[in-house]
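Undergrad: Our numbering numbers the first residue of the sequence shown as 28 and each following residue consecutively.
Calculated from the structure, these hints are not laboratory results. Be careful, since some hints might not be right.
[Stated by the list, open to error] Mimicking PhoX-like on lysine-lysine, the simulated pairs with C-alpha atoms at most 25 Å apart in a straight line are: (1) K322 to K374; (2) K109 to K374; (3) K342 to K322; (4) K66 to K342; (5) K373 to K342; (6) K373 to K322; (7) K66 to K150; (8) K322 to K66; (9) K150 to K374; (10) K322 to K375; (11) K342 to K375; (12) K109 to K322; (13) K150 to K322.
[Unchecked claim] With beta-carbon atoms standing in for the labels, derived distance ranges: (14) M129 to I321: 46 to 52 Å; (15) T294 to H145: 43 to 49 Å; (16) P221 to G83: 31 to 37 Å; (17) G148 to S317: 35 to 41 Å; (18) P64 to K150: 32 to 38 Å.
For clarity, every value in this text was computed on a predicted model and none was experimentally measured. Note that the Cβ used here is the ideal one computed from N, Cα and C, for glycine as well.
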Amino acid sequence: MRKIRIRQLLAVLILAVSAAGQDTTGAAPQDTLYVNPGKLVSANGTRLNLYCIGSGSPTVVFESGWEDWAPAWAIVQPRIAKWTRACSYDRAGTGFSDPGPMPRTSVRIADELHSALHNAGVKGPYILVGHAFGGDIVRTFADRYMREVAGLVLVDADPADVEPKAMREAARRGQAGILSQLRECRNAIAEHKPLPALPSRPGQQQRTCAQQFFRGLPEAAWSSELNAKLLEIAQTNVAMYDAYLSEMEQTASDETYLQQHHRSFGTRPIRVLTSGNHGVGHLERKPADSPERIKYQQETTLAQARWLTLSSNAKQIFARNSSEYIQFDEPETVINAIREVYDQSKKKGRSDGESRRSEVRNCRKYVMAVLCSSPLCKRCGLCFFGS
28 MRKIRIRQLL
38 AVLILAVSAA
48 GQDTTGAAPQ
58 DTLYVNPGKL
68 VSANGTRLNL
78 YCIGSGSPTV
88 VFESGWEDWA
98 PAWAIVQPRI
108 AKWTRACSYD
118 RAGTGFSDPG
128 PMPRTSVRIA
138 DELHSALHNA
148 GVKGPYILVG
158 HAFGGDIVRT
168 FADRYMREVA
178 GLVLVDADPA
188 DVEPKAMREA
198 ARRGQAGILS
208 QLRECRNAIA
218 EHKPLPALPS
228 RPGQQQRTCA
238 QQFFRGLPEA
248 AWSSELNAKL
258 LEIAQTNVAM
268 YDAYLSEMEQ
278 TASDETYLQQ
288 HHRSFGTRPI
298 RVLTSGNHGV
308 GHLERKPADS
318 PERIKYQQET
328 TLAQARWLTL
338 SSNAKQIFAR
348 NSSEYIQFDE
358 PETVINAIRE
368 VYDQSKKKGR
378 SDGESRRSEV
388 RNCRKYVMAV
398 LCSSPLCKRC
408 GLCFFGS
């Protein structure tokens, strides 16, 4: 089931009254990277916006959750780029990417990402990092391009294909309201009408739909330049709402695909990061210590643990003080998990390389032994192939 979030990323979407006085000294060092397009790359006929920084291999590829795009990784990506190449991107229709064909299934998105990476000259192996809905996409990518994948990091990913049926049904009931609000916001932008305000939680200021759907961290966490750009995109990009609506509407087909392709990842390292405070639309207004939230937390934790069966080298890591946005609340946990997968994949690569070299040597010896035992060689008393 996919968590339906009203709380969303992008530290963004400043209220006008607070924008002027924000202290941005704590902004991510390279968050201005995301203010302008990076590299626009053709992906199956659609131009996707790709940000790649750093150098090295395996390449770490970040996939965002629902209603998010590349800046979701603005804290983590520059840190990873200090020791290997790190790439984030905007899915079709979001951020600076062109709108893509519909429907927006996880299979289509994974294929577009694969095409974009190859057309940009970013070859595998890849370590795939997926947050929330992005976890579905990176697992779909890995299923379709397994040989190019070195490992996975699932950041509070949606356990749609492994959770109990009751959890899926509860989330889908909450989905209906979110879809309705998204459509209302999308139509207002398309028709150049005032953006509708959404109900606020107790003690919170009322926000427009754009501010509500695309907010995450306090605005002070980012530079004012990035805040302004994110607000502009959220208030004007109709294609982005179309993309998110389609992604949400494809929940059932995405779940079916993953259930039908629940295959082993062998010994590839997988790290499953689980937050201590899962968010979900139909429970968002209930206190964190309510029986309903506690039950949902426990069920989600157990559902995510089922992914440990995907690999003989899988581990669940708990970010107990974090919301579903672990990359914001506990970025070191995400960075350390990626580093662990990176180190193990490098070690595995060296081991596999030595194994392949050994196989080649053994094969060569076998071929030479066969050739040297031929009647011609025996008559001549010579073996021209040596050993």
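Undergrad: All hints are to be evaluated individually against the structure, with a verdict given for each.
TA: Status of each hint after checking the structure:
1. At most 25 Å may separate the alpha-carbon atoms for a hinted pair to count; K322 and K374 exceed this at roughly 39 Å.
2. For the given pair, K109 sits about 19 Å from K374 by alpha-carbon distance, which is consistent with the 25 Å threshold.
3. For the proposed pair K342 and K322, the alpha carbon gap of about 23 Å is at most 25 Å, so the pair holds.
4. This hinted pair does not check out: K66 and K342 have alpha carbons roughly 34 Å apart, beyond 25 Å.
5. Restraint check for K373 and K342: the C-alpha separation of about 18 Å stays at or below 25 Å, so the hint holds.
6. About 39 Å separates the Cα atoms of K373 and K322, which puts this hinted pair outside 25 Å; it is violated.
7. Between K66 and K150 the alpha-carbon distance is near 16 Å, which keeps this suggested pair within the 25 Å criterion.
8. Distance restraint check for K322 and K66: the Cα-Cα separation of roughly 44 Å exceeds the 25 Å cut-off, and the hinted pair is therefore not satisfied.
9. Between K150 and K374, the direct Cα distance comes to roughly 19 Å. Compliance with the 25 Å bound is thereby established for this hinted pair.
10. Taken as a hint, the K322 and K375 pair is broken in the structure, with Cα atoms around 39 Å apart against an allowance of 25 Å.
11. Among the hinted pairs, K342 with K375 is consistent with the structure: their alpha-carbon atoms are about 17 Å apart, no more than 25 Å.
12. Our distance criterion of 25 Å between C-alpha atoms is broken by K109 and K322, whose separation comes to about 40 Å.
13. Pair hint K150 plus K322 does not hold up; C-alpha atoms about 43 Å apart against a cutoff of 25 Å.
14. Between M129 and I321 the Cβ separation comes to about 38 Å, which falls outside the hinted range of 46 to 52 Å.
15. Between T294 and H145 the Cβ separation comes to about 25 Å, which falls outside the hinted range of 43 to 49 Å.
16. Under the hint 31 to 37 Å, the C-beta atoms of P221 and G83, about 48 Å apart, miss the expected range.
17. Hint check: G148 to S317, Cβ distance near 50 Å, so the stated range 35 to 41 Å is violated.
18. One distance hint, 32 to 38 Å for the beta-carbon pair P64 and K150, is violated here, with the actual separation near 22 Å.
Hints 1, 4, 6, 8, 10, 12, 13, 14, 15, 16, 17, 18 from the earlier list are contradicted by this structure; the remaining hints agree with it.
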